[in-house]
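Protein sequences, first through last, are from chains A and B. In this text, residue positions in the first sequence follow the working numbering: the first is 1, and each later residue adds one. In this text, residue positions in the second sequence follow the working numbering: the first is 1, and each later residue adds one.
For the record, the hints were derived by calculation from the structure and aren't laboratory data. Any given hint could turn out to be false.
[As the list claims (entries may be wrong)] Derived DSSO-like pairs: lysine-lysine, alpha-carbon spacing no greater than 30 Å straight-line: (1) B/Lys425 x A/Lys796; (2) B/Lys318 x A/Lys257; (3) A/Lys426 x B/Lys334; (4) B/Lys423 x A/Lys257; (5) B/Lys334 x A/Lys370; (6) A/Lys257 x B/Lys425.
The structure displayed is predicted, hence computed values, not measured ones.
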Amino acid sequence: QTRTIRGNVTGAGEALPGVSILLKGTQRGTTTDASGRFQLEVPESNAVLLFSYVGYQNKEVTVGSQTELTVELMTDNKALDEVVVVGYGTQSKRAVTGAVTSIGYDQYKDRSFSNVTQSLAGKMPGVNITQAQGAPGLSPIIRIRGVNSITAGTNPLFVVDGVPLENFNLNMINPQDIESVEVLKDASSAAIYGSRGSSGVILVTTKQGQAGRTAVSATFEYGVQEVAKQIKMMNAQQYIDYYVTAKNNGWVAAGGKATDPNSARTASYRIPEDFLNNRQLFGNGTNWQDAMYRTAPLRNAQVSVSGGTDKTQFLFSTAYLDQDAVLDQNYYKRLTIRSNIKSAVSKRLTIGANLGITGINDRTEGTQGKSDVISLALQSTPIYPVYNENGNLGPLDPNSTWNRFVPFNDLVLWHPYSLTRFYHKKNRSFNTLGTAYAEFNILDDLKFRTSINANLFNNRGDSYRVAKQGYGYSSVLDAAATNFSTYSLNWLSENTLNYDKQFGDHKLTALAGYTAQKQRDEYATVGANNFPNDLVETLNAGTVSAGSTTASEWSMLSYLGRVNYNFKNKYFLTAAVRRDASSRFGRNSRWGTFPSVSAGWLVSDENFMSDLKAVSNLKVRVSYGVTGNNQIPNYGAVSLLGSSNYVGNGAIANGLRNTNIANPDLRWEKNNQFDIGLDLGLFNNRLNITADYYNTVTKDMLLNLPVPDITGFSTQLTNIGRMRNRGFELAINSKNVVGSFNWTTDFNFSLNRNKVLKLGPSNAPIIYTEYVVSVKTEIGQPISNFYGYVFDGVFKNQSEIDGYPHDPSTTPGDPRVRDVNGDGRITTDDQTTIGNYQPDFIAGMTNTFSYKGFDLSFLLQGSYGGEIVNQNVRYLGIWNAGRNFYEDLTNYWRSESEPGDGKHFKPTISPKGLQEKFSSYWVEDASFLRVKNIRVSYALPTSWLSKTPVRSARVYVNAENVFLFSKYRNIDPENTTYRPTNYNAISTETGTIGSTGNASFPSGAMIGVDYGSYPLPRVITFGIRADF
Amino acid sequence: CTNSFLDLAPISNANSENFYRTTADFDLAANAAMATLYTVYGPEGPVSYAGEIQSDNVTLNAVAGIQADKWAYRDYTLNSTNTINYSFWQIYYSALYNVNIVIQKLESASLNEDYKKSVRAQMLFLRSLYYFNMVRTWGDVPLVLTPITAAESYTYARKPQAEVYQQILSDLQYAAENLPLASATTKGKPTQGAAQTLLGKVYLTLNDKTNAARVLKAVYDSKQYSLVPAYASLWSNTNKNTSESIFEIQFLGGSPTSPYSEYYQTFFPAVSYTGYIGGGINQVTNDLWNEYEPGDPRKTASIDTGYVDTKGVFQSIKFPKKWNDKTTPVTTGKVLGLSNFMVLRYADLLLMLSEATDDPTYLNQVRTRAGVPTYGSANYPSGRYGTLALALEHERRVELALEFHRWFDLKRTNRAIPVLTTKGKPTTESKLIAPIPLTVLQQNSIITQNPGYN
């Protein structure tokens, strides 16, 4: 005898579709429909129903005599049994003994970034994600627990579906395909990645289909991007005033008189007549930032289909992103296709494959700083119009009236449009990341997994420079074209054994593995000129004039092992070890061993805690481990020969010379990290707190050590020195209000203190200099202190100069530099630490409110106590060959009676008195508070959708980089033009045409220096998502 | 198997481990060592800055880079943090490494002794040329004669000038004995004549006129060299390696992948010209312009008086005319210069010979070629150049103008302070020696600073 009962299921005040209902003791069951209703045949008596739904607590309901059930499910606060991905496997959150932060899909699903890590900024303690430049497709700089190396790279290791990839650009993975991102922060969790774990590991796991009905979801977004702030530059009138004064002051210093006419002056001191008596000609001139930036749309469409049976599950997805950049002519288009399939072939054998294909077409410029196009928009002289009267770009047009000003400029900058509109560039990249695996259960408790994985990256780029560039740079420079291509294949073979067994109260999990990985990079470039005209831009139309191909490889063999043990699910112990051998290191020392051990104690499960009702979860964790850093050039240990040709008897005489010093003993940089952490859940896990303290000591640092120049070289790659990072991290997660109205707050805070303990043989400080900007690394200090003079304003008159130590060339209006050592003279000994980019602390806070389908959240992100070097001062803060100036330079020193604001020098084309030296004039406060993100979303009521095939639908508005509170004169204090590593000759980063990377200093040492970076745009996106 | 998987040799660069074995290897290494001349004698290299910018021949105004550091050479305000001075230190020692490694690897190479001698002699010529310049620039310098490791470098203090000169003399003597005579196949390579001429210059600098006269006379008597008839033709970029050339740095030019010279562009005024921007270095002073006697054709052969701008207007400004690459191809803003650079030429030898022997015969050969009255003749401006020493000072200035000799000449003859101070250059004894760069002092605490710098 059966009867039919009906009912509806709700959770958090809403109908729950898809809740699974099972008649206890049978296989019979059903699921709720889109409006949360169900109907089921049950026996007349003793029927008990089991309700289960992801994210909610299971519930048993005794039917009794009821025919209409109303069931409310409670949200599941017992987060301890959530599964967290760790290296080579998963663990329940309960069993995690290291410092791992996990971010699920919900946290970034509506964000408009193309790179998932961009959505994680401000969300994870101990993980400092800074978007150094805002060009589409550019990876952020990620620092996990401080900076662990001085000159080797400090990028974390990316592991995508188990494949470790160095310098991978996560733009290649559509964020909507990502199930979760886990960050392994401490050495014990990262040690399983051994030689590559010292800067932390970011695990990215893509989604898998679920057994059950086939789910289809579709998303469409439309967004608008704009540059929220412009740098205040002089207009034409202000510029002319400054220019005239600078030329006159320079001429006076050279022995002339300010009243001398041009005919009495030498060429470089002459002033255009129009500047003196026809200034109205120029008006306010051109705002080049207006010319270069635009409001740019973005569109993003995505469809995914997933589902499967008990045996086979699948997920297919495709997405297309079409983004114009805020910079003139730049764009970014990306197509991603993913297929993840998993099938149980038999009881014992499961096979699967994940395949992700990404194609990117883009044009990305402006990220190189210095003289790249974004910087040029600041440096360009405001007196010139964007287009001249002939429709050409520049004053170099011999038929333009503007041509008469050319002889007065020391140099002619590229007109920014000559680079964007008369230089045609495009990039096309393709990335395929595939993993194929088989899992075989040898015994019930013993599983063998083997996989073969490959990442194939191809990039092709074309550029064509139109003849004469519309007179934007030169009246004669002819057409030229280049084409380059890169190829990079990385393959990995991985074999692991997993053992998992419960013995009474004891549980043991063990892992052993062997992996082999190899990468080959190839690069080819061809150049041509002699184009007859600009009709055909491919190289066949010209004469090939240059070509080159290069290739390089690395390989790595690894053994790994890990044992997890727990007693009564309360006491946890993990030990892991990895042995790596890499081709990058000298034969004498290529094997490295990276052990770790960690323990956890779930205190809250002890009997003595049962009276403390307020404490729902308390776990203490402690760990110690060793990780390594291998981010050096592929052949860093060998002495390479480079070409250096001479000419003999009228022909090229080929020459070869040693380009570096060999070091056959080159070995890993090793990080020893201790971590102690606490996870605390209070009031039925309404309030969760995670706190960690860590202490890391890096030894044998891979250092491009400056060596005495009399060796013939300036640096040698060697292992030397010691550095410490210690820090504290706090994450608080609070459900402030629960019910039909929900309010949660996620807060995180981290601080890191970095200190150099030991350096080269003599412990001598290491100073790297770019132009005049110096960074100094010395014992007892954090790395890369900005090192220069202290700028104490401007000398108002001669008696002030006479009364204070000064450089002999100083005249009134020149900078006053502090006599730091008090010896009564200004010497090089007066240079001192004038800042450091590392902040005292960083913090982030997300507040989320929800009510009846409405969700509102906003993310604040802040950084306090760091400094930034504005290297643009070189061009915009001091006279530099007639480039434009910051607007605040209008308050310059004019005379003793008009001393200006006391902060800006006397203009002169012959800057003396330390005007050009690196001083605190260049250094600014990098503290900021940012409204990083605001999101509003609304889930359409299911009742609206019940007559449609749509099961649920949501509309949302997402705003990124909404507002920035900062004192920084340029756009954003997170801007830095240098990258954390300069060894990746080839990476999956696109948009590297014309890249300039051959500096004599390690790029990472110059983080925190802004040389004219690409602004981070404000992006507002409207989206709709529907599930079928 | 493990090792074969992990032993990955560089693919796109040769590896030094299996180099330095055959004569072909040593030819390549010696060519690379010769190529260091490009930086040492480059238009913005250490010899150009010392020889010209510190002198009264040239000036420089707006230039690229850290202007104040460049003006310091002009104004005698060099200090230990001058970035140009430091880069010169690096240029010399990097060049010396390339020379020393060839010398060292030759020792153990099992090759024909004659071959080894000839390559070693070439390298020793280069080494002595570099140390000669260095000792005149910085005074005492660390004397590095083999490739050294970083650890060894900490034991290398500065060696007294006398010791450095001793090494220069012995290197040059070896070179003079083992280098070949000039021939059609020695273009751009050191020869016996080159080593002897340089040796003569070193002796003159050491005020050893007897030995100077001896070696210079030997070159003179060898009759391998002669003055070309037309002075101006010496700097035609199609007339290279003339009979007057004793040691000449070779360039091919015309293509970005051939070694090309940048003298013309660098010495062009700092303005945007047809497809390139001039460097504005070594802009000629009126003082040099006025040094020429009336009718001396060398004036207009050496100095350009201006250029025609893109609008066809003549802009008046004086700059070097030698190394003429006006019509040479330009690619992406670079003039791909064809011109060679003569480090030593016969006119220089003749003038040195007069200096060493106090015999004006050789001086007068130079003057005769220029078509100006000979020393001792009625029309000679003896009012201005009353002694042979002054006559030679004048003659060297105009004959060798802008060829990086002037300041070294004034310094050798102890005339730098009296001559330069009257021209507004605050020259003192200590300023005739450049400071040791601060970075060098910081690198190694046993390195000392020169007097007058802190």
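Do the hints match the structure? See the list:
no.: 1; hint: B/Lys425 x A/Lys796; result: holds, 28 Å
no.: 2; hint: B/Lys318 x A/Lys257; result: holds, 22 Å
no.: 3; hint: A/Lys426 x B/Lys334; result: holds, 26 Å
no.: 4; hint: B/Lys423 x A/Lys257; result: holds, 20 Å
no.: 5; hint: B/Lys334 x A/Lys370; result: holds, 20 Å
no.: 6; hint: A/Lys257 x B/Lys425; result: holds, 21 Å
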